[in-house]
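J.: The lines below spell out each chain.
Protein chains: 2
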Amino acid sequence: MSELPVGATRRQIIDAAVRLIADHGFSATSVDQIAEAAGVAKGSVYYNFGSKADLFTSILTEGITRLTANLRTALETGPEPTPLERLVTALLRQIRDNPAFAKVVAAEVFRTGRDWQESIGLIHDQAMAVFAEAVGLGDPDLDPLDARVMGSAAFGATLVAGLEWLTYQPDRSPTDVLAAILRMVRRA
Amino acid sequence: MSELPVGATRRQIIDAAVRLIADHGFSATSVDQIAEAAGVAKGSVYYNFGSKADLFTSILTEGITRLTANLRTALETGPEPTPLERLVTALLRQIRDNPAFAKVVAAEVFRTGRDWQESIGLIHDQAMAVFAEAVGLGDPDLDPLDARVMGSAAFGATLVAGLEWLTYQPDRSPTDVLAAILRMVRRA
Numbered sequence: 001m002s003e004l005p006v007g008a009t010r011r012q013i014i015d016a017a018v019r020l021i022a023d024h025g026f027s028a029t030s031v032d033q034i035a036e037a038a039g040v041a042k043g044s045v046y047y048n049f050g051s052k053a054d055l056f057t058s059i060l061t062e063g064i065t066r067l068t069a070n071l072r073t074a075l076e077t078g079p080e081p082t083p084l085e086r087l088v089t090a091l092l093r094q095i096r097d098n099p100a101f102a103k104v105v106a107a108e109v110f111r112t113g114r115d116w117q118e119s120i121g122l123i124h125d126q127a128m129a130v131f132a133e134a135v136g137l138g139d140p141d142l143d144p145l146d147a148r149v150m151g152s153a154a155f156g157a158t159l160v161a162g163l164e165w166l167t168y169q170p171d172r173s174p175t176d177v178l179a180a181i182l183r184m185v186r187r188a
Numbered sequence: 001m002s003e004l005p006v007g008a009t010r011r012q013i014i015d016a017a018v019r020l021i022a023d024h025g026f027s028a029t030s031v032d033q034i035a036e037a038a039g040v041a042k043g044s045v046y047y048n049f050g051s052k053a054d055l056f057t058s059i060l061t062e063g064i065t066r067l068t069a070n071l072r073t074a075l076e077t078g079p080e081p082t083p084l085e086r087l088v089t090a091l092l093r094q095i096r097d098n099p100a101f102a103k104v105v106a107a108e109v110f111r112t113g114r115d116w117q118e119s120i121g122l123i124h125d126q127a128m129a130v131f132a133e134a135v136g137l138g139d140p141d142l143d144p145l146d147a148r149v150m151g152s153a154a155f156g157a158t159l160v161a162g163l164e165w166l167t168y169q170p171d172r173s174p175t176d177v178l179a180a181i182l183r184m185v186r187r188a
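The listed protein sequences correspond, in order, to chains D and L. Note that the UniProt record's numbering numbers the first sequence so that position 138 is 138, with each residue one more than the last. Note that the UniProt record's numbering numbers the second sequence so that position 120 is 120, with each residue one more than the last.
Pulled out of the complex, with its shape left as it was, chain D reads as follows (with noise of 0.2 Å):
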């Protein structure tokens, strides 16, 4: 492994962290399972990352932090009409293209008591952001409030109905999956 570049290597033992941690749990999984699946020394985890929480603290400000500015672009613009619909679009092909950081997201965001606790929230609080925004477009008479509720639902029916799509029903186009939620997720 040593002819590949840093970067490659964060990212191979990244990519078998989340995989792994999506399955079995972070307590359940291992640093020596991790540097196995990802075909890297077990000293490479710790000499790129510290401990197994500092690991597992990159893997969800990283990720979140990408989804975020990924959002924001979608936010600005996309095919869709709306703000929301294309925020949801982008949310969507997210996770179909990473269901276990999708799967690691959800199991991680809501617990207190880890060590990573406070970092999470506040990125966390940037993607929720992103969604209240769009929900408050052009309603300025919107409660900020209600945006923020509003907006977690709409992520929240984005991030459940895709995983049960890619766990339950996956032979399913992700058109047809895309269209049934946004005929639920729709302001009244």
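If you are wondering where the hints come from, they were derived from the structure by calculation, not from laboratory data. Watch out, some of these pointers could steer you wrong.
Among the chain L residues that face chain D by a calculated CB cut under 10 Å, a handful are [unchecked claim]:
hint : residue
1    : 106
2    : 121
3    : 152
4    : 158
5    : 183
6    : 186
For each residue, glycine too, the CB sits at the ideal point set by N, CA and C.
Starting from the known structure of chain D, arrange chain L on it as the hints suggest.
T.: Just chain L, lined up with the frame of chain D:
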């Protein structure tokens, strides 16, 4: 604790285990911690439930079975005008009354590679079927697969917005939160 009836001991163990697992995860929670938090002897946990995995399987199947029964009642009757609104209301009430269980469901329902995967899959199916039925009621032309996706979207919207509320905006009134979710989750 010997004066308590068996049902009460089981309930204490379940409540303590759900709280601990919601905060720290299944693998990071020990039977010692569960027994201590429940105020029972460690042997009592094994006597009532078998292994820690068996305890957690009992928690998930009993909890989702009770949830499904409550949802089915709400589907039939309640003050809200539509079946879907009654389901969202009933689910939000359950999340408020037992947020720890809601967190555990969010964490486990899409995992693979856990001992309780199969039983939670079956029970989850029944809970989602109630939502799909509510979405499909009065619309005989709706594709059942679409109803399923839409139902899981409504379930996910309520779950995530409900946990978001309790975790990040706990001072808001349940009425306001419910109204905001229902503004978002509405058939187009």
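J.: Hold the hint about residue 121 of chain L up to the distance rule: shortest CB distance to chain D must be less than 10 Å.
T.: The hint holds - residue 121 of chain L has a Cβ within 10 Å of chain D, the shortest such distance being about 8 Å.
J.: Does the closest beta carbon of chain D sit nearer than 10 Å to the beta carbon of residue 183 of chain L?
T.: 5 Å, holds
J.: May I ask you to test the interface hint for residue 158 of chain L with respect to chain D, counting a Cβ-Cβ separation under 10 Å as satisfied?
T.: 7 Å, holds
J.: Double-check residue 186 of chain L for me: the hint is only fine if its C-beta lies closer than 10 Å to a C-beta in chain D.
T.: 4 Å, holds
J.: Hint check: is the beta carbon of residue 152 of chain L less than 10 Å from a beta carbon of chain D?
T.: This hint holds: residue 152 of chain L lies near chain D, its Cβ roughly 4 Å from the closest one there, short of 10 Å.
J.: Answer holds if the nearest beta-carbon of chain D is closer than 10 Å to that of residue 106 of chain L; otherwise answer violated.
T.: 5 Å, holds
The structure meets every hint from the earlier list without exception.
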